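Residue numbers (my numbering), protein chains in the order written: chain A, 1 to 351; chain B, 1001 to 1351; chain C, 2001 to 2351; chain D, 3001 to 3351.
It should be emphasised that the hints constitute simulated quantities derived from the structure, not laboratory data.
Here the structure is a predicted model, which means the values were calculated and not measured.
Glycine included, every Cβ here is placed at the ideal spot set by N, Cα and C.
You may find that some hints are simply not true.
Derived lysine to any residue pairs resembling SDA-like cross-links, with alpha carbons at most 25 Å apart [what the hints assert, rightly or not]:
1) D/3222 x D/3134
2) B/1268 x A/40
3) C/2222 x B/1308
Here are some chain D residues the structure puts well away from chain A; computed CB gaps all over 10 Å [stated by the list, open to error]:
4) 3202
5) 3245
6) 3251
7) 3339
8) 3341
Number of protein chains: 4
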Amino acid sequence: MIRVGIAGASGLAGGELLRLVSQHPDLELTFVGGSSNVGRRPAELHPGLRLPFGGLTIQPVTDEVADRCDVVLLATPAPVSASLAGLLADKVAAVVDLSGAFRIHDPELHARWYPRVARDTVLTDRFVYGVPELVADRMADALLISLPGCFATAITLGLAPLVDAGLRLDTVVVDGKTGSSGGGLQLRTADLHPLRDGAIAPYAPAGHRHAAEVRDFFAQRKSEAIGRLAMSAYGVSHVRGLLASSYVFTDQEISPQELHRTYVRYYKDQPFVRVRRHTETLIPVPDPQAVLGSNYCDVTPLLDDDGSRIVVLAALDNLVKGAAGQAIQAVNLRFGLPQTTGLTMQPVMPA
Amino acid sequence: MIRVGIAGASGLAGGELLRLVSQHPDLELTFVGGSSNVGRRPAELHPGLRLPFGGLTIQPVTDEVADRCDVVLLATPAPVSASLAGLLADKVAAVVDLSGAFRIHDPELHARWYPRVARDTVLTDRFVYGVPELVADRMADALLISLPGCFATAITLGLAPLVDAGLRLDTVVVDGKTGSSGGGLQLRTADLHPLRDGAIAPYAPAGHRHAAEVRDFFAQRKSEAIGRLAMSAYGVSHVRGLLASSYVFTDQEISPQELHRTYVRYYKDQPFVRVRRHTETLIPVPDPQAVLGSNYCDVTPLLDDDGSRIVVLAALDNLVKGAAGQAIQAVNLRFGLPQTTGLTMQPVMPA
Amino acid sequence: MIRVGIAGASGLAGGELLRLVSQHPDLELTFVGGSSNVGRRPAELHPGLRLPFGGLTIQPVTDEVADRCDVVLLATPAPVSASLAGLLADKVAAVVDLSGAFRIHDPELHARWYPRVARDTVLTDRFVYGVPELVADRMADALLISLPGCFATAITLGLAPLVDAGLRLDTVVVDGKTGSSGGGLQLRTADLHPLRDGAIAPYAPAGHRHAAEVRDFFAQRKSEAIGRLAMSAYGVSHVRGLLASSYVFTDQEISPQELHRTYVRYYKDQPFVRVRRHTETLIPVPDPQAVLGSNYCDVTPLLDDDGSRIVVLAALDNLVKGAAGQAIQAVNLRFGLPQTTGLTMQPVMPA
Amino acid sequence: MIRVGIAGASGLAGGELLRLVSQHPDLELTFVGGSSNVGRRPAELHPGLRLPFGGLTIQPVTDEVADRCDVVLLATPAPVSASLAGLLADKVAAVVDLSGAFRIHDPELHARWYPRVARDTVLTDRFVYGVPELVADRMADALLISLPGCFATAITLGLAPLVDAGLRLDTVVVDGKTGSSGGGLQLRTADLHPLRDGAIAPYAPAGHRHAAEVRDFFAQRKSEAIGRLAMSAYGVSHVRGLLASSYVFTDQEISPQELHRTYVRYYKDQPFVRVRRHTETLIPVPDPQAVLGSNYCDVTPLLDDDGSRIVVLAALDNLVKGAAGQAIQAVNLRFGLPQTTGLTMQPVMPA
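Based on the sequences and whatever the hints tell you, model everything.
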């Protein structure tokens, strides 16, 4: 059994980690940490999870945690992750950070989007960043893993087949739509149910930091692959799941058939990416409700009538493939388990 | 492997059976049946379940199905179930019916609530009815199993500890609230999203047939246990999950502590019934969102301030513990597997 | 023009008062008060209401307010209302309180449900309480008006025809279902969208203070009319609108026809109460979505099959007929205007 | 009184027309037409509108209708509108069509997007198309008025200040998000509540016919103003209201201040367009919930950090400003009434 600690166990991603660890055959929960709710049992904070969790209660994270864990999952705010990563690096076999603290390697971009997150440059350089599908080999022996943001995961999985096929993406406009769970459980008036329900909330209409991750990642993977990438993000009126639409303008031509085939081939060995035709089932897909609760990312590439624009749609459950599920997937890769171990749950739909 | 056939695979309960069978280590899907959508693959009808299902397509149900299945699960409308049960009885090791065709043994009550469902009396008498928790022993060798309705499951699990403790329940008023998935996928204008969303729809305000099941069941278990039982049911504005509130008036006195203890003791060995205190977590429970996607039924007994009324709240996922999950649970019991096999998934919350 | 002041203008009821006053031909807003948000314009707090409101900003309520107002509407928490009513009584032509401070005349009941709301006994006795439909004559010259709670309004309008017809209601079980706007905009984790959406939240499962109002009101109107009255309340997954179901047990017999006629006759001259047949339109009614944004209360009386139970359903918009609309209706009555002035807006459905 | 007939009174836009006509001081409903539901009263079909409507029942539309009406509003499907317009043209003072039958003047574009809507070319040329704010003068004596689609209204109001300021918009990417009421009440499985709720449904991911209207309109207004315009549309999980995001790429520079001022000046005399700053109230705006039930269109222009992209957000209630409200506004203009007559209702929020 791999001994797992969770920091930030009170939040939504923390709760989802608890759910997935409890369903995983090879993981054993040995620590639950947090700065609030110290002394409380996880079940008090996560109404669905009425599990004993070995009697564990939430405790502050100290370096002694390393004695009890093989891996620590950080579902903490970025500034907290920045400091915990320093505390635990090299003391456990792996630190997996779900926050934005170590995602952007470019210092300027990082400072622009995470002005309050100071971090150690040497440490930062050691973090492996990326969706497991694209950097699986690097994760196998990574001591420090930084997982992409929920939108960044969807966008990256959506664009990678194009980039890796050698297309030059002159302009990419990303429109992201997410449910309210994307905002966590902070107490903000605008997130109370009466004001958040029924909303189309333009919370990041002219720029979103997940776009910076994506730019930074592809710039390192293949310089000049993407010209301009502009993103806007909206909160819509459901709870769980997101859809990222990438509108791609390129001078290179591609037929619809070729486009679809490129994606199918690219992901043919990836158990968690489902390349879907838009009309293959009784609702238009991809739709995040069709991945709810699962670790799937559904991807559909399309072409405008006149071939002038590629539209890539990618849907995922922001708390699973966009956070906790992807973290477990990374742990599986890191510890040599089959990628799907403990992650075989099918989507719960309708919900 | 136990070979499983599903009739009625196009509907919501059918889809949920597909999900659960695909996640079950000891079940093998060998047949998917239906009268509509013949020839289509299940994945076309269930957007979340993009699984090959062994290449099976939907086929009409004939008695040849018996050759391929050890158990057939009927997720069909009651009139269809009534005829399929006759077709398959004694040809497979077990028929499990999720419809209302064989739930009510009292002929008058049956005729009142299922006027269009003719059925064979001898066959009817052979059906074992009840929530698995209360009739587990009878399920072990039942050839024919009729599962309670979703509300009936919640109400029965809510009232059984009182009845079996010997209380006489003079008057029980049941108020049931369910999400839209309770109504299935029939094309009705009132169930289109614009009219159904935001509704509190009093669809059965002065009587509901699930109450008849409950009365009939308890009358057989313990005559005179319940005096009057009146039910009303409402559709509220979410998709999955129901809450049944039973307001119980009795002359016998019981303290809040004793009440809670009675329930805890009664269900202490039942893995799927969670007796919960109303305030034990950060939302008031039971709340169906805290069981979403799982086979749990959460039960909370309460007492009015002045002790004059017992309030029993029971929440479950109508498609799981109220339908498909309970069916798998019955199959587990019938075939001697641990009750929880394939049903250990934790609730997906928030969703 | 009648000069109107609003205290508690930041909250949901305050916002709704602003909406209705701005649409009223004979009312002029002369003061907006509150203890928080002092100095801010109402439009900053109410995203829909981008109106100048005569340049008014939120100011603390002092007795000088009386110089500027003919009537002050208190949309403040009960303890604040208790003190403001004392401050303003007899200084303005009318004080209309929307809180629970002065609803219950019975001191013991008041202390039980509002333990933290001390109030002046003499002042309390001067308050006229009740839904305008039932106490219109007393409102015509009332200096102090206390409006019923949202649920109390629905329950009272639902039961009054029975009580005033002379029926003895032995047992009444009330099940109330409301949207999230019923809980206001206080910052509570359980009310954040991810946890509140999809919920059936049993927030008052074994007793609700609005039942105390109803009992107190009918006891004064007709002693012994109601034997036992027990209430439970639930938050369901939409924003605006409530449904109160009253399950009435009585020894007296009444036919369905007689029952319906009793209600039709009783409310025939009341513009805001619509007595509706359950199946008169394409969704089952009453349903709060069919009154959304309007001052209507829809009422449907039904009888169980066997005549053993009367079911009275009453639906209203908790922010309009359950709060702000009813306040304006009271102001109309108090100042001799037609009851419907400024309140003729039709329901916005679907929404 | 202006005598108004409504064709297509059973649908959602028809219901909204009924609501608005009933609240309008100068309009008198003299005819309600439809091909389905003949003989039924409007109140049976519109649960919120329990109004007598002068005893009118739904009747087939014939040319005799012209005798009873000064204006006929067509809330009918495009093929029906195409034929009714021919029937009624020049027989009534005005025909106002809410469908897409006569929106696109370019024959090729029309054939591409409305292949099944044959129409008379001469008649088509006589139709005045456009949002009232931009073509008010032409509406004053128009016999035939074709109103823009709901998305087209939002996009056009969003882009007009830029186009009319002389900017050349090289590329415009429009992402539209709408609630389920945008799809009407046709019986489609995908629109049943269980499948539609919680969805982000990419129903028109690679092209939407409202974009063709917009292109056609601006091409006539100012040739070459817009280079490429590509649109995608999504159904999100609420009922009423839409948001259109226009991502504009231009070579011309404009500062954020100048941008905002351009819009404020442009719409300063327009009562229904509210130019709003993104953070001016407690939720990010524009958000369609802040215009619900009203005839407002809220518009917010923004600039990306680096000035490389203009983001124009426009929110409106698709059934009011996007359909019925705009129709009444057109009638007001046509008959010389103040534009806001009968349309002064404020948004109902939260809902």
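Exercise. Okay, which hints does this one fail, numbers in order?
Worked result: 4 and 5
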